[in-house]
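Residue numbering for the sequence shown follows the UniProt record's numbering, starting at 1 and increasing by one per position.
If you're looking for bench data, these hints aren't it; they were derived computationally from the structure.
Predicted model only: the values in this text are computed from it and were never measured.
Using N, Cα and C, we set each Cβ at its ideal position, and we do this for glycine too.
Treat the hints loosely; a few may be bogus.
Lysine to aspartate or glutamate pairs mimicking EDC-like chemistry, simulated, CA-CA at most 20 Å apart [as the list claims (entries may be wrong)]:
{"#": "1", "residue 1": "35", "residue 2": "75"}
{"#": "2", "residue 1": "68", "residue 2": "46"}
{"#": "3", "residue 1": "68", "residue 2": "34"}
{"#": "4", "residue 1": "72", "residue 2": "46"}
Restraint ranges, calculated between C-beta atoms of paired labels, are given here [said to hold, decoys possible]:
{"#": "5", "residue 1": "24", "residue 2": "68", "range": "31 to 37 Å"}
{"#": "6", "residue 1": "61", "residue 2": "27", "range": "31 to 37 Å"}
{"#": "7", "residue 1": "63", "residue 2": "32", "range": "28 to 34 Å"}
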Amino acid sequence: MTETQPKPSAANKDLLWNRADVGTTPQPARDLLEKYSGIRPNRLIDHVREKLGIHLTPLYPSIVTHIKDDEKLLDLG
Numbered sequence: 001m002t003e004t005q006p007k008p009s010a011a012n013k014d015l016l017w018n019r020a021d022v023g024t025t026p027q028p029a030r031d032l033l034e035k036y037s038g039i040r041p042n043r044l045i046d047h048v049r050e051k052l053g054i055h056l057t058p059l060y061p062s063i064v065t066h067i068k069d070d071e072k073l074l075d076l077g
């Protein structure tokens with residue numbers, strides 16, 4: 001049985017990107033971001049917060065539309 005996930009919404013406070021307590025990052029995620037992605041440890045939390053806020057940018061609806069149309073997204077950040 002799978003757990004039902006909340007539907008993405010800027011108003012849903014239960015979703016990770018709407019939480020203010022993103023200050024802790026599990027060690028496996030920290031290892032991946034630091035070692036594989038090259039994120040400096042002192043920039044890790046800011047990097048995660050920036051990525052989690054992508055849905056608030058004006059271009060987000062356009063990005064979603066392009067991805068749904070099977071176009072590619074190259075994330076350089």
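These are the hints, each one checked on the structure:
{"no.": "1", "hint": "35 / 75", "result": "18 Å, holds"}
{"no.": "2", "hint": "68 / 46", "result": "28 Å, violated"}
{"no.": "3", "hint": "68 / 34", "result": "30 Å, violated"}
{"no.": "4", "hint": "72 / 46", "result": "25 Å, violated"}
{"no.": "5", "hint": "24 / 68: 31 to 37 Å", "result": "33 Å, holds"}
{"no.": "6", "hint": "61 / 27: 31 to 37 Å", "result": "35 Å, holds"}
{"no.": "7", "hint": "63 / 32: 28 to 34 Å", "result": "23 Å, violated"}
In the structure shown, a violation is registered for the earlier hints numbered 2, 3, 4 and 7, in ascending order.
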